[in-house]
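K.L.:
Sequence:
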Amino acid sequence: MLSKFSVKKPMTIMVAVITVIVLGIISFTKMQTDLLPSINLPYVAVITTYPGASPEKVEQGVTKPLEAGLATTSGVEEVTSISSENMSMVVLMFTESTNMDSAMIEMSGKVDQIKGRLDDAVGTPQMMKINPDLMPVMVAAVDVDGLSQEEVSQLVSEEVIPSFERLDGVAQVSSMGLVEKQLKVTLNQEKIDAINDTILRSVDSKLADTKKELDEGEAKLKDAKSQLESQNKTQTQKLLDAEEQLNEGRSQLNSGREQLNSALAQATDKRADLETQKQLADVAIQKLQEQGLEVPQELLDTQAQLAAGLEAADAGIVQIQQQLEELKSKESELNKGQTQLEQGKLALSQGIATAQAQLLVQEGKLAEGRAQFDQASEGAYEQANLSGQLTKDTIGQILSAQNFSMPAGNIVEDETAYAVKVGDLFENEEDLSSLVLFNLGLDELDTVTLADVADISFTDNSGETYAKINGNDGILLTFSKQSTASTVEVSDKLRGQMEKLEQEYEGMHLTALSDQGVYINIVVNSVMENLLWGGLLAILILLIFLRNVRPTIVIALSIPISLLFAIALMYFTGVTLNIISLAGLALGVGMLVDNSIVVIENIYRMRAQGLSAAKAAVRGAGQVAAAVTASTLTTVCVFLPIVFTEGLSRELFTDMGLTIAYSLVASLIVSLTLVPALSSWLLKKPEKKGHRLFDKFTAAYGKLLALALRRKSVVLILALVLLGVSIYGSVQMGTAFMPESDSNQIAVTMEMPKDSTTQETRDMADKVAGIVAELPGVDTVGAMEGGGLMSGSSSGGAISMYVILEEQRDQNSKAIAQNIIDATSELPCEITASGTGMDSMTEMMGGSGIQIDISGDDMDQLKAIAKDVAAMLSEVEGTQEISNGMEDAEMETRVSVDKNKAMEYGLTTAQVYQQLAAELVTETTATTVTLGGEDYPLIVADDPGAALTRETLGELTLSGTKDGEAVDVPLQDIAQITQAQGLTSINHENQTRLLSVTAAVDAQHNIGLVSRQVESKLADYEVPEGYEIVIAGETEMINDTLEQLVLMVVLAVVLIYLIMVAQFQSLLSPFIVMFTMPLAFTGGLLALWMCGMEISMISMLGFLVLAGIVVNNGIVFIDYVNQLRASGMERRDALVRAGQTRLRPILMTALTTILGLTTMAMGIGMGAEMIQPMAVVTIGGLSYATLLTLFVVPALYDIMQRRPVKNVQLEGEQVDQAL
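So the sequence shown is numbered by the working numbering: it starts at 4 and just counts up by one.
Please note: incorrect hints may appear among the correct ones.
Claimed, not checked - Ranges between beta-carbon positions, derived for each pair: (1) T75 / I50: 44 to 54 Å; (2) E168 / M1165: 21 to 31 Å; (3) K1020 / M862: 19 to 29 Å; (4) E532 / G727: 51 to 61 Å; (5) K223 / G354: 38 to 48 Å; (6) P1027 / E532: 50 to 60 Å; (7) T127 / Q811: 50 to 60 Å; (8) E968 / D244: 50 to 60 Å; (9) E168 / M130: 16 to 26 Å; (10) G367 / E193: 37 to 47 Å; (11) D244 / A266: 51 to 61 Å; (12) T52 / G727: 52 to 62 Å; (13) N1009 / M1165: 18 to 28 Å; (14) E907 / T127: 31 to 41 Å.
Think of the hints as simulated: they come from the structure by calculation, not from any bench.
Cβ atoms here follow ideal geometry from the backbone N, Cα and C, with glycine treated the same way.
All chains, please: the whole structure from these sequences, using the hints.
P.N.:
This is the structure:
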């Protein structure tokens, strides 16, 4: 038995106590201090760059492939993504049980596989675990008197930032507003045109001679063609004339032949007649002669005439025949002439053909020469135009290749190795200016250098940055800590380094615009002060009740010893000092003395009955040991269900559960060891002091309790009515994720109309900063151009300001934030200001305000639904700053490619995009040059005058092919160019497009109540098929956390019941005690309502703690009633006696816990508001439950425990069992 051991061996207890004190103090000095517990969220972000790509291109080309590939990673629960210009971010949420290291390895393999399928322009995806530790620990501003912005930038980048990066615990130092110099090579189109003119003149001169020879050849060919045609015409005419003569002669010959043949026929016929006549005459003469007759002379004359006629006829025939022969001879001559004529024709034809062929050959050669000349001329003119070759990419490649120096290897001679190094780096601007780009070999222009075509100059980004501190130009630095480092320690180191730098560099001013360490210290110190005051008030209550310093000292010593014991356990289990764990300690301060009060009160009572100090200590502690153990376990066990929760609830509640468990276990051990040991030493004399006032109060309570036992129905009905009222009130009560808390800093965002220029935005920012700086309570105002100071990023379109408040001020940060909004309300800009310390944490964990997520595939349909939802939100009272998710949409130029027309030129949509994207990139980083010991990025940029505009975009010529030949085609010939609104980003959830409608809730309304109205309106909205509307953001976090807490409370109730069953050895008796839980919840809800607070995660922690502590008094009460009844006392008498006997310890334990939380409930000190609801709930619930426990528990016991208590003897040992 611990009490007996401690009384017998007090030195051992003293050694143990000293050990605990030493370990506790050392642990406290070494413990890490943070605002909240270390939250390890199972999230991994995959960030991928895609330079020059629109959100749609990023979505299709990067986000979707990554989502599809990574969604199959083991343990993935949800995949969300954002596709914006130039960048994709895919966030994977894993289940609680996932081994994140294994998941990262698996993701790395999948990313490597996906990378090979992405466009070459896509950067390597970078994986990063998401953790609250990524939030900057501090944001500081730097300015130096007497130095220009450029000089300050150089000092900061070379000296200040490295000095901070060397500090232990600092992970990263980011800068905003640094003036960065760069060496810029800007192509000068006028210089290029001048070179083109020179080359063109040389080309023209060389081409002129060739053209002259071709022209002369063509002229000669033309003359030859003319001569040939003339000769052909003359010869042909001669042949035609000869042929005509031949034809005429042939015609005459044929005519003469016909005449001669006719004459010959006539002569032949005539000769035949003469021959016939002569023969007749000869026959007549012969007959006459034969007859002897004289031939008549006349007959002879006739014969002679006929003979002469025959001769004449023969002569005529011969003559005709001779003439015919002459005609044949002439015909032969004509035929010969005809043959000669035909031969002449053939010869002429062949000659002409040969001449024509020769001319054609010459003509072909001339045509080929002309074509070659034209082609050569075209090529020469193209080469003469260097604009196509002198692009930023070409120049960049040349510069990168020429700025080269690399070891090539070694040459070994005589066993000695000589290193061989190739190349030289640029050493000065002259090296760049004189760099030869082309060797043209022209008389007028031999080589073309970089200076001949471009302007080389140093530039900086001073016109692109904006960062001011109290109206002065400055540089902002954001500091991130390592995940294992203490925020406060890192903050202290940073502040120490800032002081050193200010001493080292005269005129340097380093101003902390945001410092988590200072805020944490303020909050933690505030809670520690409340803890200390609570302990002092608890001790004061003990002194009032006990009216004796000695027992009060015994109990008072149990507080620091138990705390140090708990702190040592916290240190060795890795629990940090944060607002949650300190709230547990603060809550524990009041409960730490509960066990000691019960023990010391029992020892005190027995000592008053006459027992010796030692016996009273042993018996008094032993008598209540089981009860205090059970009551301690009931409080501790309410946090055991944390193992069944997940997400943020588990991360946050674990520290509080462990802290309370450690402190209560420590208090239990102290109450059963140190308290008996000290009591046996300090309570040597019996105490017989009375407390008349309290005795009268006890007697009055006894009478009221007896009356209540006679009117049990009235007591129970009253309790049930109040329970019903509290439940109804809780339904009407608002909800919040985290209670609002004061802060020493305010975040302000200023947005101008979209058509505002950069200078107008900056001028307005200066004006706003000036107004804010004049407001009461404002100490420092820092401003920067971009997204936000806490994010450590910078993006255009907004001015972010951080306002540091004075330590001594009349208003809290929320009120001053409203003052800022009111003071700037008439300016033509939109101002938002947040003065709540937990806003940034709530925003990071899921967003603040109302958020409605609309998911589906078609963006136009999503926009239509978003407009409807936004309109509904505007009808809900309490909503403001409503966004339909499209306010950030900007005008964009859309190029819709006609695929059919594009294919006529051999172009696809992707090829059009590639050529267009290349033209839109106006500069590129070629290499890095070291000049004068300083490194400068070498930038190559196009001539600003040649940049594309929306008006000239359609005139952009693209390279294509048509009919196998390369051609240029204007973009407007194959595409339609329009202006339209486009989203700056596209969100996905589980690979489905998502559009979020958001709204802020004004200060006069509660987000929970407003969300209910929104849910009611959305319930009546008809959502198109395939689309889904979900309420997310802070409302979702509240609902999820409350679900987890309700689960914890239910499980805690079950565990508490089981512990009490073990304590009372009864299944019925625990129900009597457990009726105090709804009483406690009634009191807690009524307290929240009376204080005007809302149900939050922190207030629910109060209800969770109440579930464990309100039963303690009931356990002690019923345990003593059972003991009295077991000794033979009647039930109602036992109830009244137990009530009067346990009234003092019950009131003492309740009041010590209540007063221990009083300062916290009052919200004294910065940050105390965060845990104020928990204190209010605990005080209200415990006060109400304690009051009613004194009447309701006895009434219920009287109803439910009518059977007598039996005494069971086991081997001589009595065991009381409540049946």
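K.L.:
Take the hints in turn and mark each one as holding or not.
P.N.:
Comparing the hints with the structure gives:
| no. | hint | verdict |
| --- | --- | --- |
| 1 | T75 / I50: 44 to 54 Å | 20 Å, violated |
| 2 | E168 / M1165: 21 to 31 Å | 43 Å, violated |
| 3 | K1020 / M862: 19 to 29 Å | 24 Å, holds |
| 4 | E532 / G727: 51 to 61 Å | 39 Å, violated |
| 5 | K223 / G354: 38 to 48 Å | 19 Å, violated |
| 6 | P1027 / E532: 50 to 60 Å | 57 Å, holds |
| 7 | T127 / Q811: 50 to 60 Å | 52 Å, holds |
| 8 | E968 / D244: 50 to 60 Å | 55 Å, holds |
| 9 | E168 / M130: 16 to 26 Å | 23 Å, holds |
| 10 | G367 / E193: 37 to 47 Å | 45 Å, holds |
| 11 | D244 / A266: 51 to 61 Å | 33 Å, violated |
| 12 | T52 / G727: 52 to 62 Å | 60 Å, holds |
| 13 | N1009 / M1165: 18 to 28 Å | 22 Å, holds |
| 14 | E907 / T127: 31 to 41 Å | 38 Å, holds |
Violation of the numbered hints given earlier is confined to hints 1, 2, 4, 5, 11; the remaining hints are satisfied by the structure.
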